[in-house]
Structures are given as structure tokens and as C-alpha cells.
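Trainee: Each chain is listed here by its residues.
Protein chains: 6
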Amino acid sequence: MAHPTTKNNTVKKYAPKNPLLSPRFGDIATFGRLPHTQNLSGVDIAVVGIPFDGATTYRPGARFAPRAIRTSSCMNRNVHPEYGVHIYKKLSAIDYGDVNCNPLNLKKTFGEISKTYGLLLKADVLPIALGGDHSVIIPILRAMHQKYGHFGLIQFDAHTDTADQAWGEKIHHGTPIRRLLEDGTLRGRDVFQIGIRGPLTSEDQMEWDRKQGITHLTAEEYQKKGMAPVLRKLNRKIPYYLTFDVDGVDPAFAPGTGTPVVGGLSSLQALEAVRALKGLRFIGFDIVEVSPPYDHAELTTLLASTLVFEFMALAALNK
Amino acid sequence: MAHPTTKNNTVKKYAPKNPLLSPRFGDIATFGRLPHTQNLSGVDIAVVGIPFDGATTYRPGARFAPRAIRTSSCMNRNVHPEYGVHIYKKLSAIDYGDVNCNPLNLKKTFGEISKTYGLLLKADVLPIALGGDHSVIIPILRAMHQKYGHFGLIQFDAHTDTADQAWGEKIHHGTPIRRLLEDGTLRGRDVFQIGIRGPLTSEDQMEWDRKQGITHLTAEEYQKKGMAPVLRKLNRKIPYYLTFDVDGVDPAFAPGTGTPVVGGLSSLQALEAVRALKGLRFIGFDIVEVSPPYDHAELTTLLASTLVFEFMALAALNK
Amino acid sequence: MAHPTTKNNTVKKYAPKNPLLSPRFGDIATFGRLPHTQNLSGVDIAVVGIPFDGATTYRPGARFAPRAIRTSSCMNRNVHPEYGVHIYKKLSAIDYGDVNCNPLNLKKTFGEISKTYGLLLKADVLPIALGGDHSVIIPILRAMHQKYGHFGLIQFDAHTDTADQAWGEKIHHGTPIRRLLEDGTLRGRDVFQIGIRGPLTSEDQMEWDRKQGITHLTAEEYQKKGMAPVLRKLNRKIPYYLTFDVDGVDPAFAPGTGTPVVGGLSSLQALEAVRALKGLRFIGFDIVEVSPPYDHAELTTLLASTLVFEFMALAALNK
Amino acid sequence: MAHPTTKNNTVKKYAPKNPLLSPRFGDIATFGRLPHTQNLSGVDIAVVGIPFDGATTYRPGARFAPRAIRTSSCMNRNVHPEYGVHIYKKLSAIDYGDVNCNPLNLKKTFGEISKTYGLLLKADVLPIALGGDHSVIIPILRAMHQKYGHFGLIQFDAHTDTADQAWGEKIHHGTPIRRLLEDGTLRGRDVFQIGIRGPLTSEDQMEWDRKQGITHLTAEEYQKKGMAPVLRKLNRKIPYYLTFDVDGVDPAFAPGTGTPVVGGLSSLQALEAVRALKGLRFIGFDIVEVSPPYDHAELTTLLASTLVFEFMALAALNK
Amino acid sequence: MAHPTTKNNTVKKYAPKNPLLSPRFGDIATFGRLPHTQNLSGVDIAVVGIPFDGATTYRPGARFAPRAIRTSSCMNRNVHPEYGVHIYKKLSAIDYGDVNCNPLNLKKTFGEISKTYGLLLKADVLPIALGGDHSVIIPILRAMHQKYGHFGLIQFDAHTDTADQAWGEKIHHGTPIRRLLEDGTLRGRDVFQIGIRGPLTSEDQMEWDRKQGITHLTAEEYQKKGMAPVLRKLNRKIPYYLTFDVDGVDPAFAPGTGTPVVGGLSSLQALEAVRALKGLRFIGFDIVEVSPPYDHAELTTLLASTLVFEFMALAALNK
Amino acid sequence: MAHPTTKNNTVKKYAPKNPLLSPRFGDIATFGRLPHTQNLSGVDIAVVGIPFDGATTYRPGARFAPRAIRTSSCMNRNVHPEYGVHIYKKLSAIDYGDVNCNPLNLKKTFGEISKTYGLLLKADVLPIALGGDHSVIIPILRAMHQKYGHFGLIQFDAHTDTADQAWGEKIHHGTPIRRLLEDGTLRGRDVFQIGIRGPLTSEDQMEWDRKQGITHLTAEEYQKKGMAPVLRKLNRKIPYYLTFDVDGVDPAFAPGTGTPVVGGLSSLQALEAVRALKGLRFIGFDIVEVSPPYDHAELTTLLASTLVFEFMALAALNK
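Residue numbers (this note's numbering), protein chains in the order written: chain V, 59 to 377; chain L, 59 to 377; chain G, 59 to 377; chain Z, 59 to 377; chain R, 59 to 377; chain Y, 59 to 377.
No lab work stands behind these hints: they were computed from the structure. Possibly wrong hints are sitting among the right ones.
As the list makes no split between identical chains, a pair holds if one copy fits it or if it spans any two.
Here are the simulated BS3-like cross-link-like pairs (lysine-lysine), alpha carbons at most 27 Å apart as the crow flies [to be verified]:
id, residue 1, residue 2
1, K165, K205
2, K228, K173
3, K70, K291
4, K165, K377
5, K282, K336
6, K165, K228
7, K70, K283
8, K147, K269
9, K295, K165
10, K269, K295
11, K295, K71
12, K166, K269
13, K228, K180
14, K228, K166
15, K295, K336
16, K336, K283
17, K377, K70
18, K148, K71
19, K377, K291
20, K180, K205
21, K70, K282
Next up, chain V with everything else stripped away, as it sits in the complex (with noise of 0.2 Å):
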């Protein structure tokens, strides 16, 4: 879309368009005003839509979130209040529009996802997914391990996503790292969940995961020891993936979501608990299962733009 970023010669080539040009609400709402191309020459980092949810298996409408998200995302500035870091005269950051999804197949999206994530890791984009469900991080995350072989994984969420099956079907938005794990894309000693609550399905549902190595952090636990137990475990030779699904957070924080589990972080323990992973080297990140229909008021969508811009300064942080 090419607007006219600040005339500021410190910044990088793509940057959010200057908000005294025209107010914040104003113009086509791409993400937090950047640029919009799908030209990579000289980005460093690219925001893409994923606007999918034929994986749900409760509340649908996360394939309104990445539209939604941008709408919000225009409040999001420049500099981290903590690190003091500014994101784009460290970082060439562009949206780089959606992939092109089938709300009907599956198959066929997970195919476009890897199109696209190809394209971007071939040209060495650092990719932040606006989702859609949580099944959209198979192909991402596959996509992931073939350029960066292995790579712990962080995820923010209530559930674990490690069932088998839900009706005889193995790709849920409940499964993904289960998939994952079976595959070699992951290993379980480097997965680490935070925030992870609510009644079970059997007494042994946790057996699996525990068998893997999987690091559970519950929202109770993180109420009284926030991250150290994650902290401690975590090995910092890798590289880690960021998966932020929003139902992390409490439902009173972020009712726009699909399967809402009461119990959860406040929106202040999540920027916090991201922020104690500044100085690990992310080699992607992704914000999921914002479901529109569900907000109010924007709450949502503004706390998963935050996320995004909490995730870009991460990355600023290691430029």
C-alpha cells in the first residue's frame, strides 16, 4: 500500500505510517499502520493473517480475527515502555496481507499457510501469525523446523492441546501438538505451557503430556510463582516459537475467544509473562483463537495487538 511512512531518516525502509499525517482510526487498516506489500526485499519482520476456524470445536469466528485485530492494532506505537527499545528503527516491519484460506478445507489451507510461510522464511522474514484457530500452527510450525531444525516451543493457553481425536478426527484445534509431537517437529522438553486450567476429560489426560516432558504452567500456579518454574527449565542454546492463544488470558480480559475457561492470567500477567522471556531468540510468533463475534468493546482484539507489539519488541530486542 506504499502510505508515506515518517520522513525520519533513523527508521528502517517499513514503518507505521506518521500518526500526525492522519489520526490513528484513519485510512485502510492494516496492522498497527504498516506498510502493506508482499514485496520481501529489505523486511525484516511481516504480519500475516490467517483467517481460519474450520478447526473449532466449540464457539466459531476466529476467521474474523485477523481483520478485526488490525482494526485495533492502530493504538500500537513505536517504543517498548520496559525495554526502550524502538521497534522500527531496529526492525523493517510490514503486513503482509492473509493467506489465501478454504473456510471449507483444512488440507487445502494448511497447504496455502506453508505457501506462504515458504516464502517468508526463505527471505528471511520473521513471520507473526494473526490466527485464526490453534490448528494453524501444524503447517507453521513444520514450516519452522525445515529451515531452523529444532526449536523449543512457548504457548500461552488454557488447554494443552495434546488430545488424540475429538469424533474420529486427528486435526482439531485441540491437537496440534500432539501432531506435532508425533511428527519430530517438536519435543516435549521443550514445550512449555502457561496457563493451562479447567476440568478434564479422564484422570489420565495429563499422563501423556508428562510422559513427553511437556512443562505445564497453570494460571494457579503462575498466581503465586509467576514464570521462574518456566524460567528455570527453559534451555537457551534454542531458538523458541511464541504461541499466544487468548484463552490464556481470563475470559473477563478476553471474552472474544472460542472455548473460554474461567480461572485465567489478567491482561497485566500476560504482558509480564512475555516480557520474562526477553532475551530468548524467537524465530516466529503467533497470536490465535480471537473470536470477533465474542468482544466487546474491542478487549480482545486491542490486548492481541498489544501481544503483537510485545512480540515485535521481543524481536527488536535481539536485532
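Got chain V sorted already, so can you dock chains L, G, Z, R and Y onto it with the hints?
Mentor: Just chains L, G, Z, R and Y now, kept in the frame of chain V:
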């Protein structure tokens, strides 16, 4: 659920729970306060939910329609204000419960619909479906065809549902009529579509329909002529199935739907149009494409449950 | 309604319908997908709706709570995440349906509640009420007293419910505790109120309560000390009834209520507070003052249904 | 509240605050920006709130209607677009405030209504009530009868309100017309009901009404004939009271109501129907059954406050 | 944004992205999935947002309209259902983006509008504005006048917008027509206002308008006569600008607006009224006063985007 | 409005209407059911509305806040739960009504605010403003300075409000603190800002503030240290003005605001933070930036009215 029905020896075996025993908003929400049973002996008419929206191309949510319509249906009463017929003195009516849908698998869901309709039709029960998206009529009408041979279709809808495909998918909620014409379940000259309107994709979009002999009564035409153009052309020798896509009604009256088109019928016009069909022999009914996440103050679910009342009254007149 | 429960010979007579047969949002909405029956043989625990809000002084709407909580309760599962207990291997559980309330007549409604609780207690069924406004505990606790003699009360609430009257009315949703202390159903020293907060009407408003020996744990105190002050004072020799007015929780987490007071517990604190009661013997539970017209995205009804899950788990631990 | 009214020596003693002094949304919300006083000297017409919904059988909430209608009423202006009459040059108008209702006690509330109406009628003030549920017309019309003797009733409503009882209760919002016919306050041949529609409870439900000589103009008939069938039958020698149950209008136009019935009048039809009554002598008006918790974007309260404007204009024409 | 438009050599240079490449709800939300560019070469028609509501006297929020209308506009298609014209075979169409508004400064915003319209008109592009409040037509129509000399105005609106001032302010969203008549941009006899209704401030409010020769077609008249009274009086020798204040439509169909007046046109009537203008030569269009914070389920934004489709079709007929 | 206040000779001249005369939701909505008068004789404290949002840069709507806060304020009572002080035995309190704002003219509105505050301060009345956007404190604090000379400012806010300008505008709701420091109304070392958080525009955004000596307590710091860092630095020799921008609180607790930032204080933390200021001498208070169109179930307006109760209690302690 076998709740104590009206102590009135003139009503049939199954009838709504007496509202003088408990307020209408009380008790577990079955359709119209009818008994829930799957024992079809002594049953004339059955409401059956099909909580499936896996073939939706725009806003999902119809999976929640059966429950939401049941909740609003407690205000249904017994006697039609125009016909004067007391439904439950003519018909023994139940809430059969829901088809066991698979939200991730269209094919298996169609199989379950076929199975349930097989049972209902075998027992000579007149079925009224609470959809679900409009794709669910594919297995329903095939079951009808198997039992009744040739029949006509009266369809309220903003869309013709005669698309050929989308993203290569042959079955979605915009294609059922084409599929059913292709396989001989329907014949074009016995298909009547009321409420059609809105922008078209291509100049020849209506060509195929016209070649099939489908009758379109647009919303604009309905304003001027009412149902007369349809009534003139109906073949009264064959039985009819009535499918009501709630988007045939204007979104002001039915906001809770997936693919709204402005400029539709009012609720009162919808009632009048259905009542104009008095005297036809009906073999089945449905109300589809109700999407509760977009509804407000039960506008859409109350309209849907009232339409089911109208369907029951049409059926009672046949007795 | 006798739906086919899990084919698992280890669960009790009545257990939730298997979600692998149909999705959680499918079927007629009974509490937690439990069978609906009023035959109490072989039943350990029963959920019963009391759709009555005729004693409300501010926002009504609680009459719609039983249906709305049932709708959200489909996400309840089987096993408690902390205790590890599988509820339905310990308890045979049903949805009993609703008390036949009279929305215009408090006295008759109380009579119906007494009748229903008489039946449940005679059959040694542990009842969990879905209110309704808080006045409904008057007949409930009187029935409990008749069966169990002396017992203690643990009450989550923003208000003490010890008012004497309003506009000359002795029975409304702000007076039940006073009435029950006056008639000897409760003794002040065994009444524990958690979450109390907000402006008072007069300087001596709390005086009467203190004279009765009631223990107050304000929301502010809970923030600092948790449940410890209550746990220290509980007499573990007597059984307890737990009544949960959802306004004990902050309106951000439970907007759907009639008399909200800002500054309450979070959902997670509510869960922790209930779990702190592990080991007590409970003779009954309720969740009251949920007002669906003010809810958003099922925040309040999901919290309510999750609390019922917690109550069931407490009961299962007693087995 | 005695705010500075328009400095215009042509208007009467009490008139709306000049919107050029402060914007319409400013100031404490009295009806139509009118002065609030309970001193009836020099007053021609008074708006009075009756915040009571204790006789509601389905959705409550009408207790909040007087405040909500006042809020929307700031957009009322001075001159009727069709009659050309400047209301406040003809009528000195106030907001009297509310009747002191008791939300838990119908009888006492009726007593307070009687007391207030006694005062208003004694002072020859024309009252316009903001309900409240429809039961409030029982004491209102009895007070009218006492002052004026025989008068006719024009009622906009989806329901006839001639039920005999529910759950043994003789007074609820569905019975006022029967009670008032029984006690001689009304005579059936002078009762005109417009907008009647919807399913009936029994075949003979309308029998009693017809025997009384009540005239029904159904919503369907209104579509075809307008008010003509009513206008033909009105006895122009007697004065009339106009009661407007907002559910006479379709829920698309008036979602904020307690017992919605689809298929009603549009807002424009409602205005036209009221305007058709021009020339009758009116002794009082009300708008009832507005339930703000179910409203959206002030649709219903704006309609209600506009109808009050129409009532005032009808009254001004009589001057 | 240059997305790959339909590979169809019959469409013009700029046309909507093919929905078979990605679902309609996918991708960055430009109007109607059109390419975004500010290069006007080869462009026939351009949609331009004016996110400004600084001249609003009641409910603000229209600043968010351009983005919200864009979001709903993905359901626009290609061919008009009545005219049969394929818009994009006649017209090369773009989304130009937004005028750089200053939310705090009316004057500077008007300057920016003038600048943008200067560019568009210089390039012979037909502009369609997405407002913004109704004040924005002041600079728009002045630009039109500069280019085209005398032209007529067709205005859908509940209000005449001919007020002189409020609180001493000469420019607000209720005064543009008076300002434009005063400065000679418009001539009264060529101004046609449709949908006018509602209470007036003074008896002579309409006097000034009549003296100017403005034609009013009230909503009540439209019900009875349709557009005939306007069509009779139109001077077909001059070109027209069409301005559509969404409050011309009834708030049931368009709740998301700032100054709603009950009793307006239905959506279908609005479509019919616009279509009645077929054959006129148009020099510009706008849709104004859409206020998304008051909308529900996209009712108003979908109507707005459909009206833009109708405008494009009117323009295509001129080609 | 002079309604009959509590017949209790211990309360001051003006006190809330007795809720035992009429229910809290009854009567014309003044703040806290207080008498409305503009006669300042015998008045200690006055609530005054400022319905102005003309300086808003993102979501408007605060113009509707005074009315909406008044509506929710009926639940305020008399006695502070922690201090035990009966407000109305200490303070004679009124609802003064609203400042005559001009929604289109910041300058004139500021003039009207100055005029009203001049009157209130001359009469030695302690004012509590219901905003309005945050720009309204410019004339308020200037009036305070004129009367009291030097005073400190305690500000709850997500933002520092020390921006220099936007789009060339020096006065908007993000600049008041800078303007008031520039003109000497405030001194930086006596300005305390609590709840600050969120992305920054530039690296040196906080530099200017620090040079002025402003104390920031971020939301993150508040979580860890509470108010201690502020309490340590307060100069207890000067009086204070407390300004509460509701966006200091997290949007989950206060969704109805214009510029939400995730990660803020909870409602309970807000109450505790205000209570920590006990003992300071206050010369005025306000609650600003409440935007009702974005609120849900009165969450934000109830919080706002409860904060006003806390302000009154702080003032009562000073007596």
C-alpha cells in the same frame, strides 16, 4: 423427558407442558415445551436439531441455533390465530433432540442426518429441522426423495443456493439446490424461491436457474405482488417440502444470520407468505441459517420458533 | 431424557452424555449434558433449577438463569484438575429439571421449593440449586435444617443479606440470612460470608451481624489473606451448606448479575476460595443471582457452571 | 428543577429547556428537557414515571423504563411535523417524577399510583404515564373512571390482555383489560385493540373478548386497511384514554420489550395509527412494557419518547 | 495494494480481488475487495473515506465509519440484480484510502477534503465518499461546483440540514445545506430531500426551505407515493450529486447512526428509491452519518456498503 | 428538585432521597439520588456534569457520561465500609446539574466551565466533576489555582497527558498536564500519576515529564509496590486535586472508555489506591473519560459512581 402434559383428554399423546404448571421460561428448554423422546411410537411430528455450520462461507454460528431456537420457543402456544386450528389436538408432537453432528466433517454429518431422517420417515413422522446451515438439506431432501419420490420445494431465501462451487468445494451452504437438481432429487420447475435479492457475481448467474425452470420471486416482487406469482405456478398434485433460510427475511428482523442481505421481507410478510401456502400437502420443513452470536434480544430465534409454529399449523390443517 | 451415557462400566448410573457421540453444543441443554430424570432412585446428586426473581430489588433477570447456565455447562468435563477425582465414578448425577415457580407469588414459589427439596432430601440426594435470586435459600435452608439439624453456612456474596426489610417487605433478596437466623435455621457463629464489600446504608449496619457472630471476610481482606481467616474459625464437626451469590465475584468477571458491586474477587480467586473448603462435609450447594440479560459472551454463566463443577468435585471427595 | 426555560413569552409557564443554552444530551435527564416539579399549579400536562415490573410473566426490566425513556427524550422538539402545532404554546408541561413504587408489592404500588393519579386529576392535569408493565393501567383507569365516568380505551398491543389468570394469579400484565371490564371501569364496545397477533392458548381465547364487544384490529388487518375499521366504530361522543404497549410494534423496531411477538407494526405505521386519532378528546396516555435491558441503540426508548411527543401533540390539538 | 485482480481480460484495470482466490472475509479490508492505490491513472471511480465526526451534535462515532463499511463491503459483488450491468466491465474502480482528517479541527479537515477532491476531480475520477458526519459535504460540493458548475442535489435524510446555527456555531452537521445555498453552490429548486420526518423546533422551520424551493418528500409521503413526486420535478438537463445520510432509513434498519428518528424508510424502500434515479447523470455520491459504535451485527454498515454498490451501478449505467 | 430527603435530623441540609420511599431505580436520575439545585447556600459538596468530548483523539462518547454515571449512582449509599464515616452527616451534598457545554467549541466550553467553577469555588463548595474528556481539567485546575494557589495533583491514568500537540492542535485530551505545567498552574514535583502504561511514541517521550519532576507509578509497579512509592513522596503540606481518568483501570473492568490500554489496575486496586490517600486535604475531584457507548452492563459507570462515593468519603474525613 416425559413431563406432565396438559391434563386435557382431547390433546394427542405428546403435547406441550402446561404453562399453568410452571412459567414458560421454566424447565429444561425443549422445543415449545414439548416432551423429549426418541421413541417414535404415537408421534405425528418431530422437531429435530441439526447443530452444524461446517459448510458456511461467511459468518458461522448456526451450530448454536437449535439450542437458541428452543429457548425462544417457550412462547409458542397451541392455536393458530388465523386458521383456528389447535395443533396438539391434531398432532402428537415431540422434540426428538439433535442429530449427532461432527463439526469437522461434512460427510459424516450428512451420514448422521440420513440415519436420523431414515428413522423418522420410516416411522411416518413429519420432521421439522432446526438447522444448521443450508447444506443440511442435501441429505434431508435425498431422504425425502427416497420415501416420497417426486416433490416440490418451496424455499425462502435471499440466495438461490445454486452456485456450482467455491474454492473448488462442491458442497457448501450456497450449492445445495444445484446438487439436488443434478442428482434428480429436485426438478427445477417445482422449485420456488422467495426473497431472492442482492448483487450477483456474474451476468449469467441466474441463467442456469432459469434453464432449470426454477421460479424466483424476488423481495422486490414480493413487495408488489405478494405470493400470487408463486401460487399461480404451483403444481398442487405433488407434495412439498418447505425450507426457510432465515436470511430471506431482512436483517433488521433477523440479524442473527450468516450471510445477511439488506432489502428482504419483513417478519409479517414472512408469516403471510407461509400462510399463503395453506392447503398444500407438506412432507417436511426446516428453518436454517440462524446464527445466534449475531442475534439481539432473541429477534431471530423468536422469528424462527414462530415459523416452526406456522409449519406445525400447516401440517395440522392437513390432518 | 435418558440419553445414552458413556459406555463405560466404571461410571455410575447417571453420567454426562459422551461428547464423542455428539459435540458439546449439541442436544437439548441439560446441565452438564447429564440425563434429565425425576426418578430419584440411584441418584447421588441432582442439579435443580429455580427460575425465580420475584424478590429482586434492583436488576431482575435471574429467572432466566437456570436455562442459561445449562447452556454454558456443556463445557464441564469429568475430572477435577487439582483433586484428580473423576466425579462420575463417585457420583450418579442428574439434571432434575426446575421447581415449578410462580413468578408473581413468592409464597407459592417457596412452597414449591419446599416440596421439591423435601423429595430430594427424602431420597438422600445432594441438591445443587441454580437460582434464582437469593431469597430462594429461605425454603432451601429450612428443608436442610429439617433433615440435618444444625449446619453451617458458607456464603460468597458482596452483600450480607441481613437487612431487616425494604419498603416494609420482610422477604426480599437482601434479607434471607436475617430471617434464617431469626427462626433458628442458622446460628450466627456458623455463618461465614466471603466477598463482602461496598457502601453501607448506616453506621450500625454491620452491628447486628457482629452480634450474631457472623464472620465477614471482605473482598479487601481476601486479597491479603485469602481464606485463612475463615478456615481458622470453621467448626469442622458440623456439615455445611455452600451458597454462592455470583456478585461475590467482581462484575468484570460476572457482569450478568442483579446488584453488582465493584471491587470483588476474580474468577480465579473464587475457584481457589471454593477449593480451600476441601474436606468439609457438604449437604447442599447453590449458585444464585445470575442475571443473563446483563451477561456478555457467557462470562457469568460459564463461571456459574464451572462453580457447579467445583461443588460436584467437593461432593465427590466426600464419597 | 426549575431550569431556565426558553426566554420566549409565547410559551406557557413550563416548557423545555432551550437547547441553545446547552446541548440536548446535557443536564439531568428529565422527560423532554421539561422542568421537574410536583407543584401542579399552572400545569396542563405531566409526564409521570411508574418504574414497576412486578406483574411481568416473561422478561422483566420495565422498572428501568422511565429513566431510559427520559434519556432518549432529549431529542423531542416542539412542533408536530404534520399538525404544525407548537406544543408548548398550547400546554404547560412538566416532568412530575415517579410514583413511589414497591417492586415487591403490587397492591401497595397500585395504592401509590392511585394516590398520584388522584393528585394529578384533582389538579386537572392531563397525565402521561411512562410504565412499567401493563398492569399499571388498573389503578390508572380506575382513577380516570372516578373523575370522568365513562370513557373509551384505545390500546396498541400484540396481546388482548384479557386473560383470566395465570398460576392462580388474577392480576398480572396479561389480565388488566378483563379486570377493568369486570368492575365496570371499561365497556367492551368502547375498547379498541390494535396490533393483536400471535399464537393463542385455546380455540375460544377470543370468544370472551368478542362477547364483551371489544374491537380487534390485528397487525395483519392493519397492513391492509390501516385504522379505518377502528375509526368507523369509534363513538366520538366519549373521551378516550390511549394505552400503548410497545409490543404492538414489531420487535425489529422495538426489541426492548418483555413479551415480543413477531409480525407487528412498523414504527411509521405506529405513528400513522396514532395520528389517525386526531380530533378525539383524550383524558390520558401511557407507554408501557418498554424493557431497556433488551433494547439496542435506544431503538425502543426513542420510539417510546416519540410516541409521548405524539400524545402531547394530540392533546395540544384539543386546546 | 495491487492485489491480483480477476484474471479476466474483460474487466477494467482495477477490479475486486477474485473471491475464489481467498474468502471474502480474508485480506486487508479495502472497500469491496478493490485495489488500494492513490495513482489515479486509469481510474474511473474511487471510494474515499472521510473519518471525521467533529461536527456532530448528538451521538458521535462516524469517524469509525470508513473502516467499518469497508469491513462489511466484502459481500459486494459485481452485477446489479435489476440492471444486469457488470460494474467492473464498465468502470475501473479503486479504494483511494482516507482523507487525512484532523479530528479536532473542522477547518483543516475541510481543507484536506478540498485537496483530495481537487485531485480526484482533476483526474476525472468519480468520487464516492464514506463519511463522516454530514458537514463533510460542504467542501465536497464546493469542489463539485468548481468543476461542474450548476448541479442538482438528491439527499436522503431524516433532517433537512438547513439549520442556521447551534450554540452560535454556523457549521455543524445540521447546517450544510443552508451554507451551500447561501454561497450559491446549490440552488433550492434543484435540491430534493427524501425521508424527512420528526418533530420540529419551530413552526416556521420549514418556511425557509420552501422559500428556497427545496423539495421535501417525507417518509410518510414516500410510503404512499414512492419517488414519483421527486421524479416529476427533477430537471434532467443537469447532473446530480447524491448524498445519503443513513438516518433517512429507519433506525430498525440502520441503528448505527448519530441522530436517529423513528418512522423512516425500510432498507428495501431505500434501494428502490435509489434505483428510481436510474438514468440521471451523477457527478458524485456519499454515504454519511454511519456510527459503528451504535451498530449491531453489521446492519448499518452492510446497508451502507450495499448503497455504495447501488451508486456504482448507477454510474456504470452512465458509461 | 427538592425531593423529600431522609427525615433524619442528623443529616445535613441536602442528602439523598430515602430509598425506603421509592426504590433506588426510581425517580429522575440525579447523582446518588441527591437533590438537584443551583442554589449554593448551605452546600458543602456538589457533583457537576461536564458533557463534553470535543477534545478526544480516538473513541468519543464521553459527552454521554454524566447522564450514564448518574443512572448507575443510585446504588451509592451513605457510609464508607472502611472509614465508617456517614457522608451526609458530615457534608451537605447536591447534584448541581451540568455545565452548559458547546460540543463544537472547546474554547466556549472552557469558558463555561470556568464560569461554573468560579461560582462553586466562590461559594466554598467542593466540586466533583463528572467528565467529559480529560481536557476539561484545564479550566478546572486554573480555577483551583486562582482560589487556592499552589496545590498538588494526583492523577489516575494510563497516559501521562503531557503530549505537546497532535495535528498541530495544542489542546486535546492528551495535552492538559503539559499546558498546566507550562502556565504554572501545576508544578511537576507535585504531580503524581498512577497507572501509566502502554507503548510509547518515541524514546524520549518520558524525558520531558522526568525533567518536570513528575512522579510516575506504572501499573506494573503498582502490582508490586502498591501506592507506597507515591505516599513516600507526597508533600503533605499542600492541598491536592484528584483527577481520575477511568482508563487508569484495566479495560476488563472499565470497557467504556475512549483510549483503552490493556494491563491496568483492577477495580479493587483502584479503590485501595484512592483509599491510600486518606488524610490528604482535597480541593476537588473528577472522574473523566467514561464513554458509555462502549460500556457493558454498567461496568464502567458503576465504577465511576463508586469512585465518586470514595471521593465524598475522603472529603467527609476532612470535616
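Trainee: Evaluate each hint against the coordinates.
Mentor: Each hint tested on the structure:
1. K165 - K205: within (21 Å within a copy, 36 Å between copies)
2. K228 - K173: For K228 and K173, both the intra-copy (22 Å) and inter-copy (24 Å) Cα distances are at most 27 Å.
3. K70 - K291: For K70 and K291, the Cα distance exceeds 27 Å both inside one copy (36 Å) and across copies (41 Å).
4. K165 - K377: neither (36 Å within a copy, 44 Å between copies)
5. K282 - K336: both (21 Å within a copy, 19 Å between copies)
6. K165 - K228: The answer is both: 12 Å in one copy and 15 Å across copies each meet 27 Å.
7. K70 - K283: neither (39 Å within a copy, 38 Å between copies)
8. K147 - K269: Result: close only across copies, 25 Å inter versus 44 Å intra.
9. K295 - K165: neither (34 Å within a copy, 46 Å between copies)
10. K269 - K295: So K269 and K295 pass the 27 Å test inside one copy only (23 Å; across, 42 Å).
11. K295 - K71: Neither way: K295 and K71 sit 31 Å apart in one copy and 52 Å across, limit 27 Å.
12. K166 - K269: Answer is neither; intra-copy 33 Å and inter-copy 33 Å both fail.
13. K228 - K180: neither (30 Å within a copy, 34 Å between copies)
14. K228 - K166: both (16 Å within a copy, 14 Å between copies)
15. K295 - K336: Result: close within a single copy only, 14 Å intra versus 43 Å inter.
16. K336 - K283: Close inside one copy (18 Å) and across copies (22 Å); limit 27 Å.
17. K377 - K70: within (13 Å within a copy, 45 Å between copies)
18. K148 - K71: Cα proximity of K148 and K71: one copy only (10 Å, versus 38 Å across).
19. K377 - K291: within (24 Å within a copy, 38 Å between copies)
20. K180 - K205: Cα proximity of K180 and K205: one copy only (8 Å, versus 51 Å across).
21. K70 - K282: neither (41 Å within a copy, 36 Å between copies)
Violation of the numbered hints given earlier is confined to hints 3, 4, 7, 9, 11, 12, 13, 21; the remaining hints are satisfied by the structure.
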